[in-house]
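Chains as they are written, first to last, in the UniProt record's numbering: chain X, 1 to 62; chain B, 1 to 516.
If you're looking for bench data, these hints aren't it; they were derived computationally from the structure.
Do not take every clue at face value.
What the hints assert, rightly or not - Going by beta-carbon spacing under 7 Å, a handful of chain X positions derived as facing chain B:
id, residue
1, ALA6
2, GLN32
3, ALA33
4, ARG37
5, ASN44
We treat Cβ as the ideally placed atom computed from N, Cα and C, and that holds for glycine.
So you can see what is in the structure, the chains are spelled out below.
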Amino acid sequence: MKLITAPNLPDHDGFLAELLAAHRGLSDAESQALNARLILILANHVGDRETLTEALDLARGR
Amino acid sequence: MPYDYKPLPYSAPPGLSGPEPRHRVVVVGAGPVGLAMALDLARLGIASVVLEDKSSVTIGSRAIVWSERSLQLFARLGIVDQVMARAVPWSIARISHGDEEIFSFDMAGTAAGRFPPFANLQQYHIEDILIARALAEPLIDLRFRNRLTGVDPDGTGVELSVKTPDGPYRLSADYLLACDGARSLTRALMDLDFEGEFYEERFLVADIEMEADFPAERWFWFDPSFHSGQSAMLMPQADNVYRIDLQLGRLANAGEEARPDRVIPRIQAVVGPDFDLEWVSIYTFQSRRLAEFVHGRVIFLGDAAHLVPPFSARGANGGLRDVENLGWKLAAVLEGRADERLLDSYNRERVQAADENLRDSARAASFISPAPGVERLFRDQVLALARETAFAREWVNAGRLAVPCIYATGAPDDLLLPDEARPGAAAPEARIGNGWLLDQIGPGPTLLAINCAAPDGLQIPTLSVRADPTLRTRYLGDAERALYLIRPDLVVAARWVTAESRAVSAAIRAMWEGRE
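Just chain X, with the same shape it has in the complex:
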């Protein structure tokens, strides 16, 4: 397993608040678009195919 599932993000509460703030006032379509851009940006940043597959599996509940 390459994907980090133990706590790894400093100020996680702060990040969640920032994420939700970024969505505030957006329509559903705009929120979806923001999420899609964010996924693409983070996937590139992670830069590791195996980790991304593991993340996809985890997100799908496998």
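Add chain B to chain X, keeping to what the hints say.
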């Protein structure tokens, strides 16, 4: 000037007046693939009969983009100077979203410099050049207006029925090479079907003639204002002819959309009013192939074997890769230098290549015409990000332009040597002295000894060279020397930094046996 479709020569074949001697090879189809196949075999000393139903070259420009690797094959077939004298070389692709260019890229760095990465020339011009070359070749018997009507293969050869304007006749051959295109008669007569996907998306492809000073580049638009909600592409060809591709959507009616009163306003929206419409066709995306390309003594190549959506230079170029892969193998089998099993490696390697083309073209299809919902969402957000950030440009898929497949192989390799020239890959071109490396390899297999001597006692031609900077980059990497075994189709078979003659002979044997 519109292209002048001259009738091709016909004369009554000898088979009409008495049985013909058995032929080694009959090629069905005188398109670029069939003609290149006959010429490649002739180069290797193998005679063939080429049967072609039509009485002129193909109508409409059809295949227009020829890759560097195809130009290298044209060089081996002796026609590349004629091709390059007319073709439009290009290397730059521009991508727009809406009416704004989001980025461009230049592929010039991928080519060695002898040929451009791509050169555009209408298929009818390529066929003209190939036909003239084939008619001058004593080992090729080119028969126009000869239509295949029956195929009867057995374990040792094929019996054929052929129809001509003067009546029917029969032919027998050791091998039948089916190069008869997307609507292959051979495939139909043998009851073989394609497997794969059909997409509902329809595209309009048109050739127009106009005086314009568009640069020699590939222009692609996602959702431009002149063709809202769809994609469009513009490319130059020879003689002031331009290719326009317009996505029409899933529900378009092909018959309606091909009518000039529908087509002309669409094209006017792209280039303005001053043009002549030369040719129009409507196509549907397809990604399909035969399960097997080798059926005993009947072998399928090009569109007869696999069909991909156009506009990524995978159709005709993929067919020419089939040709070069098969030519040396079939010649060796016919001359008794190799066992018939070598032909299984044609099937294995070209099926792998076709699957790559099918996969890449399916990905391009879903980017160009995404399904409504999440597919469309991600496509649009990739395009939005691509304006600002380099990483997102990699995801923009307006048709990944074809590069040769790297065949799967477990042949000897050394990880010190550069990835680009690993076993299974197309041997990269490089300058040596005043000439070019690939000109000096073949027609048989060749050992390329760079900064070293080949081991003693090997029965194979050796090319010894000192590495200059490009050869070093493409073939040596961090190593000081290397020995490469190059196949006759200019694919790397095996390579070593230090080799013993026993290892090299084993690799040569494996190559002739077509081992993976």
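We went through each hint and held it up to the structure:
For ALA6/X, the interface hint is violated, since its Cβ never comes within 7 Å of a Cβ in chain B; the closest pair sits about 27 Å apart. Given the 7 Å rule on beta carbons, the hint for GLN32/X holds: about 6 Å separates it from the nearest Cβ of chain B. With 7 Å as the threshold, the beta carbon of ALA33/X comes within range of chain B, its nearest partner Cβ sitting at about 6 Å, so the hint holds. Hint status for ARG37/X relative to chain B: holds, with the closest Cβ pair at about 5 Å, below 7 Å.
For ASN44/X, the suggested interface contact is upheld, since its CB lies about 4 Å from the closest CB of chain B, less than 7 Å.
Checked against the numbered hints above, the structure violates only hint 1.
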